[in-house]
Amino acid sequence: MISVIVVMTIFLVVLYKYRCYKFIHGWLILSSLMMLFWFSFMYLGEVFKTYNLAMDYPTVAMIIWNFGVVGMICIHWKGPLQLQQAYLIAISALMALVFIKYLPEWSAWVILGAISVYDLVAVLCPKGPLRMLVETAQERNEPIFPALIYSSAMIWMVGMANPARHAEPTNQDTGMFCLISAYNPLALTMLRGVKLGLGDFIFYSVLVGKAAATGGDWNTTLACFVAILIGLCLTLLLLAIFKKALPALPISITFGLVFYFSTDNLVRPFMDNLAAHQFYI
Amino acid sequence: MNLERLPNEEKLTLCRKYYFGNVYNVCVWGFAFLPFLWLVNVVWFFKEAFVKPTYTEQLQIKTYVKCSGLGFLLWVAVLTTWITIFQHFRAEWGEVGDYLSFTIPLGIP
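These protein sequence lines are chains A and B, in that order. So for the first sequence, my numbering puts the first residue at 1; every next one is plus one. So for the second sequence, my numbering puts the first residue at 1; every next one is plus one.
This is chain B alone, in the form it adopts within the complex:
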């Protein structure tokens, strides 16, 4: 997929679909726990939104890129907090900690 070859409207549609995270433009799936998708959206459309000279659809693309970026940062914050909490308190939680664990390190409580 080479972005330069697409006409502007298609770029907008693509960006929007990536933002919402689904193919059929139904909002429901959009926020389906997919921070990685938002990251791809930001990286891919960054130049389009902020570096290139203005064109009609650019404003909307900018909004989508910004919202994707915000969503991604939010998810990063949430995940970092959860991982820190889990790693720190895993031993103290006893049974619940074991139940949540995918792998349990050997030799360390």
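Chain A on its own, in the form it takes in the complex:
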């Protein structure tokens, strides 16, 4: 599994370097298409079965068709920013759900840990594939594919030589993420606001989702959630300090994993015992 991700990352960077844009675009479109239609179809089916509602094929077809087409338009072409953000979040959540549902128990945790390490390596080492991807994009002065990035604010300033400090995260479709900060005073168009790679979203969601599914306790889930947010704040802080591409995964995921396992094994028996003995702090 890890080797698959490594291979795909390197493959993507090689394609980008040799300007095989059509291939990359085609692949991105295909994968987002599949996610928008197929996964949401499955998810909708599950939801209806859980709530024991009757639903007919024509209505479902209409819902999925609308959702999918508007999603494709929003992400790959132009659309209102909030809607694009909402769609990207929805896709990340769906992808995370698929991971949570179909990955065996321990594999998910091991993969999370391994990916953080790989992310660290891939972004910070000079020869790392992700770093090369970002630097190549900056050299060519072109924005990284919109389908892979979540941007919090988009303001195009044409013609201003305003030294804006902006963070540009990129993420691979396979799930690598890095948070990049580029300092580009002479570019004609500049993007402000933080951009976070989609893969980061997916793995954060996987972490919290698994905590919610297997922890069985709100404390664990909440602890993971808070841990990830703290990790993200720290990463942004580091971003402001270093002004370079940074991996967004390692810090948050480490915190999240640590919090999850410690809460699960230490805090829960403690609280259970307290409740059993009716001893309130």
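Simulated from the structure, these hints should not be mistaken for laboratory data. Since this is a predicted model, take the numbers as computed values, not measurements.
Partial list, derived from the structure: chain B residues whose beta carbon lies under 8 Å from chain A:
| # | residue |
| --- | --- |
| 1 | Leu34 |
| 2 | Pro35 |
| 3 | Phe36 |
| 4 | Leu37 |
| 5 | Phe86 |
| 6 | Arg90 |
| 7 | Leu106 |
Cβ coordinates follow ideal geometry from the N, Cα and C atoms, glycine included.
Keeping the supplied structure of chain A fixed, place chain B upon it in accordance with the hints.
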């Protein structure tokens, strides 16, 4: 996408494309069962069409927004009727009802 940064003509083109529902300005796909697209059109361009002070292309944008709104309301009416009919008569239709069903609730006829 930040609307304020676009020049007026581009806003008009965008609104029209959203109305017709396709990228290459061919009318055929426009009405391709996409009420959601029309809703997005209405919400997104509402301020442009009705709140901002007048400019040349605004009239056309207004027409597009109004038509999108009408189309959306029409589709909502159609869908609501169909859903009500289906939910009400599903059991009585027997085989046809089952054939049309995506999920069948357990325990209820």
